[in-house]
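Peer 1: Sequences are here, hints too, so could you generate the full structure?
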Amino acid sequence: MSDTQSSRAPAPYSNPYLAGIGLGLVLLAAFVFVGRGLGASGAVSAAVTAGLHTIAPDHAHSLEWLSGRLVGDQRPLKDWLVFEGLGVFLGALLSGLLARRAFVTVEKGPRVSTRARLAGAFAGGGLMAVGAALALGCTSGQALSGGALLNLGSWAFMMMVFAGAYAVAAFMKWQWR
Amino acid sequence: MMAPLLKYGVFGSETSLVVAFLIGLGFGFALERAGFGSARKLVSQFYLNDMAVFKVMFTAIITAMLGVTYLSWIGVLNLSLVYLVPTFLLPQVVGGLILGVGFVVGGYCPGTALAATATGRIDGVVFGIGLYAGTLLFAEAYPLLKPLHTATPMGQVTIPQYLNLPYGVVVFAVVLMAIGGFAGAGWVEKKMADSCQP
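Here the protein sequences come in this chain order: V and R. Note that my numbering has the first sequence beginning at 95, numbered continuously upward. Note that my numbering has the second sequence beginning at 902, numbered continuously upward.
The hints are simulated quantities; they were obtained by calculation from the structure and are not laboratory data. The structure presented is a predicted model; accordingly, all values stated were derived computationally and were not measured. Just so you know, even glycine gets a beta-carbon here, dropped at the ideal spot from N, CA and C. Warning: the hint list may mix true and false statements.
Unchecked claim - As a list, the in silico BS3-like pairs of lysine-lysine whose alpha-carbon atoms are at most 27 angstroms apart:
1. LYS1092/R / LYS942/R
2. LYS1091/R / LYS267/V
3. LYS267/V / LYS908/R
4. LYS942/R / LYS1047/R
5. LYS942/R / LYS267/V
6. LYS172/V / LYS908/R
To be verified - Covered stretches of chain R, as calculated for chain V (at least 3 residues, CB under 8 angstroms):
7. 908–920
8. 996–1009
9. 1033–1043
Peer 2: This is the structure we're talking about:
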């Protein structure tokens, strides 16, 4: 996905309120069509289960957190969130290509090395997986979907995401500013 | 009542996977349109100079919430058949804090990392590898974490149920709160732009 049109600058992002309405209508469609919200971390769990089941099937069955996805002859990748995730990937790619924003790069501030930024990305991903597993969902499944359904736990979760992020933002400034 | 369509048997679970893909397409497209394939754009929320995360998230929540409320009032959507993640207050508070820290450290959340990966962001790919590693770690450590993970179960409960308020009153309060938040976000952005001229 190299930028073949480097002479043409990436298009500006959409108005956040318009993008929000679009996102809200997609979420509403999920509620109306299938009776569930959007999600992302669940697809990661499904992929980890499938991967581990291929490499070490007995071990995968022994892990209580993953084995629920392996009951009977259930195929962990035949999961609603996995198919939704494929769509997310292609939808984002399509939007990025249309706006000339799809090219290989590393998102970072000017003062940080690429290596340190990638270490941060790995650590952040690890933390987020643990947080999402503890909370039964991430920003998509809990904050967004549960938020729109006025789910009590989702709102508590959402407040804490912002609290946690603002609490450490000052200490991570070197990575972004 | 006719919705959720899957629950009323309008289509089956095999077809629901096609629907999942189509809904995902819209989800990914909207995320990238908003700029959420970029870690710098996302974390700007926490340095107060670009509150797009708050604006997009709350506009989406308000849009879907009003849609759900309206469709259930006119009798099209049976809200009791829409899945509600059960509330476990303590692990959701702790998990939220950890996730918030991970957001600033890593620059993404799981959905936006996928959008970033799709548009060529190497840090998005590495974040995704971190997600797999963290999930595996959680699964291996689950015997230790289970007491926390299953603490304070409150069942499937909404804010109106918990506060014993009519649904519409809470919907109205959330809309008012969001409008106040949008005004506040604009004010903060302007303040930040004034205080740090390039």
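Peer 1: Between LYS1091/R and LYS267/V, does the CA-CA distance stay at or below 27 angstroms?
Peer 2: holds (20 angstroms)
Peer 1: Decide if the proposed pair is consistent with the structure: LYS942/R and LYS1047/R, CA atoms, cutoff 27 angstroms inclusive.
Peer 2: violated (35 angstroms)
Peer 1: Three residues or more, CB to CB closer than 8 angstroms: is that satisfied between the region 908–920 of chain R and chain V?
Peer 2: holds (count 5)
Peer 1: Hint check: LYS267/V vs LYS908/R, CA-CA at most 27 angstroms. Holds or violated?
Peer 2: violated (47 angstroms)
Peer 1: Measure nothing beyond the straight line between the CA atoms of LYS1092/R and LYS942/R; if it is 27 angstroms or shorter, mark the hint as holding.
Peer 2: The hint holds at about 18 angstroms.
Peer 1: So if I understand the rule, the pair passes when the alpha-carbon distance is 27 angstroms or less; does LYS942/R with LYS267/V pass?
Peer 2: Judged against 27 angstroms, a Cα distance of about 14 angstroms means the pair holds.
Peer 1: Count the residues of the region 996–1009 of chain R whose Cβ falls closer than 8 angstroms to any Cβ of chain V, and tell me whether that reaches three.
Peer 2: Our answer is that it holds, as 14 residues pass the Cβ test (under 8 angstroms) against chain V, meeting three.
Peer 1: Using a Cβ cutoff of 8 angstroms, are there at least 3 residues of the region 1033–1043 of chain R near chain V, or does the coverage claim fail?
Peer 2: holds (count 10)
Peer 1: LYS172/V and LYS908/R were given as a pair; does the straight-line alpha-carbon distance stay at or below 27 angstroms?
Peer 2: holds (19 angstroms)
Consistency note: the structure conflicts with the earlier hints numbered 3, 4.
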